[in-house]
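Asks: Please build the complete structure, drawing on both the sequences and the hints.
Respectively, the protein sequence lines represent chains A and B.
Just so you know, we're using our numbering here: the first sequence kicks off at 58 and counts up by one.
Just so you know, we're using our numbering here: the second sequence kicks off at 58 and counts up by one.
Think of the hints as simulated: they come from the structure by calculation, not from any bench.
It is possible that some hints are incorrect.
[To be verified] Here are the computed lysine-lysine pairs in the BS3-like style, where the Cα-Cα straight-line distance is at most 30 Å:
{"no.": "1", "chain 1": "A", "residue 1": "125", "chain 2": "B", "residue 2": "96"}
{"no.": "2", "chain 1": "B", "residue 1": "125", "chain 2": "A", "residue 2": "125"}
{"no.": "3", "chain 1": "A", "residue 1": "125", "chain 2": "B", "residue 2": "83"}
Number of protein chains: 2
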Amino acid sequence: MVDCIAIVSGGMDSVTLLHYLVKTQKRSPAVLTFLYGQKHAREVQFAQHNADLLGCQPHQIIDLSPFKSIFDASALVSDHIAIPQMAAVQGDPQPATYVPNRNMIFLSLAAAYAETLGVADVFYGAQRHDMYGYWDTTAEFLERVNSVFALNRKTPVRIAAPFVDYSKADILRTGLTLGVDYSTTWSCYRGQDAACGECPTCAERLAAFKEVGIEDPLPYVRRST
Amino acid sequence: MVDCIAIVSGGMDSVTLLHYLVKTQKRSPAVLTFLYGQKHAREVQFAQHNADLLGCQPHQIIDLSPFKSIFDASALVSDHIAIPQMAAVQGDPQPATYVPNRNMIFLSLAAAYAETLGVADVFYGAQRHDMYGYWDTTAEFLERVNSVFALNRKTPVRIAAPFVDYSKADILRTGLTLGVDYSTTWSCYRGQDAACGECPTCAERLAAFKEVGIEDPLPYVRRST
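Replies: Encoded structure:
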């Protein structure tokens, strides 16, 4: 019996979240995954793999990629904007890798699905590290979004981000104790067969593995750190 | 040169809003229309007609109907829930005609599109009468949504509902002075060739025409008021 919704991209944060919800919190999430024209759409197969592995049903994939033009200001989507390297985004409060209002869209669709399934909790994998560049991963964002949904008169939905105070290394440590296989997660924004090792999310992922002291099992073109 | 976005369903409120923005406010809106599995999808042709008439480009139609199962708690979408008559919804703070979190989804997608187009203003046609049954048409909802978008660090978007204090009759009066042809708007939730005259939105529409003292030019199966 489904008792919550988990938004899972197939990246290491959200896949760890799914394992945490099922194994630690003993929840039974329906899984929601989004396509929005991202160059790294290959991440979705890893969301599917982990949802299947954990027996999470239903797994709803919402494909917004036919309308990817509304996200065309982002390097993650636009054919005209290259994925930047890590150095190019540092210190930028809203770098080219930001996708216009993406998280609010995801949370809004998840809240509708929660209402329809009759569950109150939606979980997503926002973590501390992302706050530097993404206003829509902060605790304040979460609080204000919840203040909107609190107005619902019959079926209020609550968004929770259990890892909002975790670093990426904290998430990795959590996942390792839960037996997460990180070769079944995907991060690289470039979305090629091997991770590039240079884009912001590769750099952060490699730094987390280095901090924890183990090797990332994914294939890389080069390992920047 | 587009300077704002208008969310237009093809109903009388949003069509009047579009005429008001173009003719009174001298704005140049891009138009955004949504399909979400609504039984009255025929309204979209009227959004298209009025956008064309006013020369509003681009007109982006976002089709969420492949994922209509997430809205399946609503009579407007579900094959298992009949459209109620007006009497059945009166006094209900969230009647069967409520669509789970629909307006937040629309506003979120509109805000993304605004960011990508580089405009700050999104307009939608919420009006006073709807507040009885729909938490997501209230001034408080609008205020809280704007408090979310205010966190955006580079491209904050502001949602405005110029008719939020108008009754449906006020909107009709406004539209008549602007030359809106109400035979090119659609309201009936049942979405048949003729409006049913009995569903909540037909009843409200007919009451507004009655209050203003003119006849609704749409064909009706019966006119309930």
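Asks: Does each hint fit the structure? Answer for all of them.
Replies: Going through the hints against the structure:
no.: 1; hint: 125(A) x 96(B); result: 26 Å, holds
no.: 2; hint: 125(B) x 125(A); result: 19 Å, holds
no.: 3; hint: 125(A) x 83(B); result: 29 Å, holds
The structure fails none of the hints (numbered hints given earlier).
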